[in-house]
Amino acid sequence: MTNEEELQSNETEPKFDLLWLASCAAITAAATFLRFFMLGLKPFHHDEGVNSFFLTNLFRDGVYRYDPANYHGPTLYYITLAFTKVFGLETIPVRASVAIFGVLIVVLAFFLRSYIGKIGALSAAVFLTLSPGMVFISRYFIHEIFFVFLSLAVVLSVVLFIEKRKAGVFAIAWMVLLLFVCFLPSALSLASSLGGTSTTAVWAFRVAFFIVEAVLVYFVIRMIRDWNNGRPVYLLLASASVALMFATKETGFITIGTMMIACVCVWIWRGLIENEAVQRNKLTIIAAVHAVLGAAALVYYQSLIEGMKWLFDNFLGEFKIPEPFAFYTIILLGFTTLLTWAVFLYYYKQENTTELAEPANLTWHDFRSGIGTGNDLLLTTAAVATIFIYLSVLFFSSFFTYAEGVGKAFEAYMVWTRTGTKDHTQNGILGYVKWGLKVEAPLLFLSTLGSLIALVKAKHRFAMFAAFWAFGLFAAYTIIPYKTPWLALSFYLPMCIIAGYGVNELLTAKTAALKAVGAVSLVLGSTVLAYQTYDLNFVRYDDEEMGYVYAHTKRPLLDMVAKIEYYAEKSGKGNGASVEIVSPDYWPLTWYLNEYKKAVFHGNLTDVNASEMIVAKKNDQDVDVLKRYSAHYKFVDVYPLRPGVDLTLLVRKDLADKDAKDLYKLLEYESPR
69 MTNEEELQSN ETEPKFDLLW LASCAAITAA ATFLRFFMLG LKPFHHDEGV NSFFLTNLFR
129 DGVYRYDPAN YHGPTLYYIT LAFTKVFGLE TIPVRASVAI FGVLIVVLAF FLRSYIGKIG
189 ALSAAVFLTL SPGMVFISRY FIHEIFFVFL SLAVVLSVVL FIEKRKAGVF AIAWMVLLLF
249 VCFLPSALSL ASSLGGTSTT AVWAFRVAFF IVEAVLVYFV IRMIRDWNNG RPVYLLLASA
309 SVALMFATKE TGFITIGTMM IACVCVWIWR GLIENEAVQR NKLTIIAAVH AVLGAAALVY
369 YQSLIEGMKW LFDNFLGEFK IPEPFAFYTI ILLGFTTLLT WAVFLYYYKQ ENTTELAEPA
429 NLTWHDFRSG IGTGNDLLLT TAAVATIFIY LSVLFFSSFF TYAEGVGKAF EAYMVWTRTG
489 TKDHTQNGIL GYVKWGLKVE APLLFLSTLG SLIALVKAKH RFAMFAAFWA FGLFAAYTII
549 PYKTPWLALS FYLPMCIIAG YGVNELLTAK TAALKAVGAV SLVLGSTVLA YQTYDLNFVR
609 YDDEEMGYVY AHTKRPLLDM VAKIEYYAEK SGKGNGASVE IVSPDYWPLT WYLNEYKKAV
669 FHGNLTDVNA SEMIVAKKND QDVDVLKRYS AHYKFVDVYP LRPGVDLTLL VRKDLADKDA
729 KDLYKLLEYE SPR
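Our numbering numbers the first residue of the sequence shown as 69 and each following residue consecutively.
Be careful, since some hints might not be right.
[Said to hold, decoys possible] Calculated lysine-lysine pairs in the DSSO-like style (CA-CA distance at most 27 Å, straight line):
1. 232 - 525
2. 527 - 186
3. 631 - 665
4. 527 - 350
5. 729 - 631
6. 665 - 721
7. 638 - 726
8. 583 - 527
9. 583 - 525
[As the list claims (entries may be wrong)] Restraint ranges, calculated between C-beta atoms of paired labels, are given here:
10. 578 - 619: 42 to 52 Å
11. 730 - 498: 46 to 56 Å
12. 699 - 380: 50 to 60 Å
13. 677 - 733: 17 to 27 Å
14. 154 - 375: 42 to 52 Å
15. 387 - 644: 41 to 51 Å
It is worth saying that the hints were derived from the structure and are not from the lab. The beta carbon of each residue, even a glycine, is placed where N, CA and C say it ideally should be.
My request is simple: use the sequences and hints to build the entire structure.
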């Protein structure tokens, strides 16, 4: 390493800071608690039930075959497989495999310290920790959180590569894990084949292969660390993260495409801002923009009034659960955000300074020069391409056991194109705005404020990139007819980052007024997020009014599962009891009954008279249930599955308790709501 490189390395490495480390530890602890506490509280969602069906087959039979028509990519199942092999095929380990990446998203935000400031990184981490949606979906066995983690990993890896950062402990650890993922499963499968029926031989081969692979990984990592001080590790990690994004969800092309467009937008914006005429007349231009917005507000005055009425009705309406604290705090935060922007503009001319200095020029030139020329260029390009292709093939081929999966990876985009214009379109173009105002209003307000500060100052490329990334994705998903709440996490991630940047610029300003409004905004925003996170995740986790609760399973379903377990034990057969599921709607019961060897999911009425229990659909099947089963079964109770769907539990007469009812009572029974 040259003296210049040593000096640069020392400057970019932050000195030991006890307060910083303590703050990071406290925020990480809070994020961990919110994501892991009572992880089995809410029942599995329909989608979790389907995902768990694929996982169960992989766990028990070692078989998973990617099908683009059946949900998303294969990464989720293989990650969760590792957790279930260690901790068991249970609800907590399954959801923990997702929750851990929810925590890691928060941890990655700390590494943005050099680009959005110390206060900015901590604030962004706080927003990510407290975001109701980030917490809610982190406690869900679906693909979204790992996908969001990867999108931040891509950005951070590229930034650190441009910065000429030497490979750190976390980067090396992530690279080691990837190398083991790439080769160890195949080696273990080979060991099983070579060992045959001898358990001793199988384990001997496994240990031998593990040792050999560990040695190879050690030398590969050592070689990479010696290559340009380990800097290429970050580019390799970026390539791996992109490959895993595409192997997780088809929407990877939207996120990566938006990031690329955001880079171009930063270049264009800086070119405009640096123009002499713009510099001379910047305040005039800002005033003109505000005048146009004011005129638009007057033109659409009635729509704004209707919007405020909608907001009021959603928090304090006659048929809603009243939330006065959330409503009035959000309104106060909205006015505070407007006041903060006004104060920022008032002091802008006399204080257009910042304490934040990016450690590197985040430009195409610096990125391209980092790749090198000649042999370095060839080697880097080959390594990046190899990792991307290998990981993609590895997962889509189910670790080289299903070659057709690679071709089907391309079919996924045709499927997504069809479903993206037909399914989940009922929420309209303002779906994300409405969901956001209901449960993520502080992020919408503060990310808008942070974006405006970043674009007006135009001093920090990363902040401007985050602004275009956030609102570019927001615009893309708003335009696309297909809308589900969890997709919003892709743009709430950069919104948290740019909101943190805005707080940093306010709290590090020299003017007391800016510090004051910045502090008030941070406190109000965090308070609302904390309250709504608690309310959504631990109180109203199956309330359809809460945005992220999207066709979610109702909590009484767990009561039905407990009743099935009760009668199974009463029968003396335990999980050998027969349960006939004749309802066409039954997900996620497949998960809760996966230990019952004689649980049969018919999906339609069938003639049975000896099975211990039957699960039917209330209302739609009542008459036929009465005709077919009244001679041998009694009615236990009705249990809500999800909005508009209720299930009826029947038990054989010789097992029924005294309070069980005759089946004709079904016709008199009103479904619970």
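Against the structure, the hints come out as follows:
1. Restraint check for residue 232 and residue 525: the C-alpha separation of about 26 Å stays at or below 27 Å, so the hint holds.
2. Between residue 527 and residue 186 the CA atoms are separated by roughly 17 Å; this keeps the pair inside 27 Å, and the hint holds.
3. For the hint linking residue 631 to residue 665, the alpha-carbon distance of about 17 Å falls within 27 Å, and the restraint holds.
4. A hinted pair counts as satisfied when its Cα atoms are at most 27 Å apart, and residue 527 with residue 350 qualifies at roughly 14 Å.
5. For the given pair, residue 729 sits about 15 Å from residue 631 by alpha-carbon distance, which is consistent with the 27 Å threshold.
6. Restraint check for residue 665 and residue 721: satisfied, since their Cα atoms lie roughly 22 Å apart, inside the 27 Å limit.
7. Of the pairs offered as hints, the one joining residue 638 and residue 726 holds, with about 14 Å between alpha carbons and a cut-off of 27 Å not exceeded.
8. At most 27 Å may separate the alpha-carbon atoms for a hinted pair to count; residue 583 and residue 527 meet this at roughly 19 Å.
9. Annotation: proposed proximity of residue 583 to residue 525 holds, straight-line Cα distance about 17 Å (limit 27 Å).
10. A C-beta distance of roughly 51 Å is found between residue 578 and residue 619, which places it inside the suggested range of 42 to 52 Å.
11. Checking the proposed 46 to 56 Å range against residue 730 and residue 498 shows it holds: the Cβ atoms sit about 50 Å from each other.
12. Between residue 699 and residue 380, the C-beta spacing of about 55 Å keeps the proposed range 50 to 60 Å intact.
13. Taking 17 to 27 Å as the suggested C-beta distance range, the pair residue 677 and residue 733 conforms, at roughly 20 Å.
14. Distance hint check: the CB atoms of residue 154 and residue 375 are about 50 Å apart, consistent with the given range 42 to 52 Å.
15. Taken as a hint, the range 41 to 51 Å holds for the pair residue 387 and residue 644, whose Cβ atoms sit roughly 46 Å apart.
The structure fails none of the hints (numbered hints given earlier).
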